[in-house]
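*Asks:* Below, each chain spelled out in residue letters.
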Amino acid sequence: MASLVGSRVERKEDKKLLTGRGKYTADVTFAHQTYAYFVRSPHARAHIKNVDISKAEKSSGVVAVLTGKDIANDKIGGLIAGWRIKSEDGSDMKVPAHPPLASESVNYVGDHVAVVIAESLDEARNAAELVKVDYKVLKAVVKTDQAMDSENIYKDIPKNLCFDWLLGDREKVKEAFDKADKIVKIDLINNRLIPNAMEPRAANADYNPSTEEITLYTTSQNPHLARIIISAFNGVAPENKLRVIAPDVGGGFGSKIYPYAEEVVCSWASKKIERPVKWIADRTESFLSDCHGRDHVTHAELAVKNDGTFLGFKNETIANLGAYASVFGTVTPTYLFGPCATGVYKMPAAYSNVKAVFTNTAPVDAYRGAGRPEATYTIETLVEKAARELGMDPAEIRMKNFPTQFPFQQTLVHSVDSGDYNAGLKKAMEVADYKGFEKRKKDSESNGKLRGIGFCSYFEACGIAPSAVVMSLGCGIGLWESAEVRFNPTGNVTVFTGSHSHGQGHDTTFAQIAADRLGVPLENIEISHGDTDKGPFGYGTYGSRSLTVGGTAIVKACDKIVAKGKKVAAKMLEVNESDVEFKDGEFIVAKSNKKKTIGEVAFACYLPGTYGEVKSPLPEGEEPGLKETSFFDPGNFSFPAGSHICEVEIDPDTGNTEVVKYTAVDDFGTIINPLIVEGQVHGGLAQGIGQALYENCHYDDTGQLVTASYMDYTMPRADNFPEFNLGFTCTPATSNPLGTKGCGEAGAIAAPPTVMNAVMNAIGTEISMPATAEKVWKACQKMNKSNSKAA
Amino acid sequence: MKKVSLEVNGKKVSKEVPDHTVLSVFLREVLNLTGTHIGCDTSQCGACVVHVDGKSIKSCTALAADIEGSKVTTIEGLVSNGKMHPMQEAFKKQHGLQCGFCTPGMVMSAIDLLNHKKNPSDKEIRDWLEGNICRCTGYQNIVAAVKEAASKM
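Chains A and B, in that order, give the protein sequences.
If you're matching positions, the first sequence starts at 1 in our numbering and goes up one per residue.
If you're matching positions, the second sequence starts at 1 in our numbering and goes up one per residue.
These are calculated hints, taken from the structure and not from any lab test.
Glycine is no exception: its CB is placed at the ideal position from the N, C-alpha and C atoms.
Take these hints with a grain of salt, some might be off.
[Claimed, not checked] Sample of chain B residues with no beta-carbon within 12 angstroms of chain A, all distances over it, derived:
id, residue
1, Lys3
2, Gly10
3, Thr21
4, Val52
5, Gly54
6, Ala62
7, Ala65
8, Gly69
9, Asp112
10, His116
11, Asn119
12, Ala150
13, Lys152
[Said to hold, decoys possible] Computed, partial: chain A to chain B, Cβ under 8 angstroms:
id, residue
14, Ala64
15, Gly68
16, Ala686
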């Protein structure tokens, strides 16, 4: 039987999505449905003096108006920070309370104040306008780099500082810097982004008063986590009385990993009014209240020798957490950022120091890449600058500092199991026709255009993650993954995974893995995910973890099935178990024609007796049935790596930048389905290029979100991109039996520095993201002036 | 309230709805045709594109009452005799969708492009789809799918 792993299998999930038969949360409507609309703060920072709901309550169709006082009276707990970070001085991070509905103060525009529940959405929305909130408006803290010098937002959090974290050794770094021929310095802003999954967040909670069970449909990457948080921390219902279903989910990119206030409020309200409560964010609500991403201000330095050898690295970053510490908000700018900031290089000494601050802006949490794009942007723009200042080729300086021995103990945390960074960069230079660049540059110049080329070599730590490691670093949960492989009596298979697909194609790739492992045709395997009542507890999909962690759990469960199958087949074939081999779906006895298919064995397992012609004695002590569960906790992260090269063409008269050539060569270890992996790379690149050239979340000085619609926030469109050139190298991961490494975030990690290095190469000066036409044009004007002065 | 009569996916429908009901809401909430998606509130994202009298429109921009008597085709109406439309087939073959949320609008829009132009260039495809936002695919495989469909239609 030909192996399915490695094949370009078309996706099993596509037909329903292509024919309008998908089922997203907004598509679910219950009998006696009610509709929720949230009253949100129009101010970035204010005390709530009074909330008057009397008019709203009397409005047509209104079922209930609930406020922060109601939720406090019912002792519903607040939203949580999932990762405890300690400061350099050993003190614990400081976090403010985050009630699902505010009763005392609001801390960002869009913060939740009350919810109106009505018979229709129109009635809920109309009544929400009648809720009169009396605010005492306070001065907002908005800017990342000014937060520590501003008024305290929370009285017990001095300087608005959540933590002041250090990873690395300042002394060693000082020694390294003392020995350097040259110190290259850079100041960067990693622009704040809004994730913008195309499906707005939504929730529909249905409480059944007779069973006391809540069924919550929600747009989640991680329904099991939503259940445990809403149950154990918010205290809405015991875990066994809360079923969370994340049906088809229209993209997440990190913004749907954890439950938000709305899910908690809808679940609680449904219980209160004993009717289902449905909420769907409109797009502006999504802009205002989805967690945002990035938002770092960084000063970094690289100590180098004249021959380009790196000696040391320092990274001083201020990270904006927004108004509250979100679930992964504190780990994103620390352990997901700091270790990777030394890049893919041998770096004898390094430290990352991160000061995380609160501001009156929406909470900031994981967004595709989470910490690693910020890290890669820092080191890769710095390395490129070092090459410029030393007069070295950007490829040469990188190759000089690549590790060549694996496992490679990276400076700050990680032991990288495998990789071949030289092979990746060489291949990228080939695919990109690096040699031909000068000619293309001249051609562009003859058309009045500036052409630039940019490099980025990256590695990242994903496939999160070994529970023992992350818990020792402050993570409040384990990060293993589960799988249950269930043979049905007729020989087809259902695989339950604790991870969740919202575009990644689990229904197909996971089925490919199980099909190969069990020798069952692909079409006889269904993948089930997204319902806490069906499969075992799991930790969902983010951090490029589904395949390396969740896929491995499937492999392990399949192996247990085969192990039991061998025993049963041996008994059925009246031979010793040690004489039975399993291959391509058959249990065979060597040097004989005796065999049983896995389907026959499965059937026998469910019929532990003799029925007509079918004789199926189970071995003594074996339980009937054929179903196995595995919980896989990985021994290490996975470490994809690669080199990207971008060419841009800039019109100096308009500042318009066009990405004309983009090459990505990545090492994701073993690839299960190239069709899907390429799609993941394309999507990541689009988001990364979006960050570099187009996207920017902007709050004004009073904390109003200026970019709160698609009219104001630039989403990359089809005509913003060239056709991407992809290539792959492969060094299989040693930390999982499939040899796979995560591929979901790579594009978003590598693209921003690749593009920005190309832009800076073209215009000859530094510029911040996003490199909009206006900024580039101004930079070109400035360069013209200084060039003409020099002349 | 206003009585709205339309032909949707070949079936005549007649419903009494509030005057301000836009077509996207009419399709989703009144007819339960939830394949048409709503991804924004400023007519930017294109997830709600359907065909009205053979031309693609963003269904959030039309009042249901304003297109009285029209023929509407939604993503649900493309399958005929259990067979997907060549555009749907091409999206599947070229992996032109990931989460699937923008897909119905993208497919409807792309079909209208091919109705206008039989063999569009990459640039023409990208320009045409400028009004449909996809956050997952980076558009590359969508362009490939449209080209594939063009060769089959």
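*Asks:* Taking the earlier hints as the rules, which of them does this structure contradict?
*Replies:* Those not satisfied are hints 3, 14 and 15.
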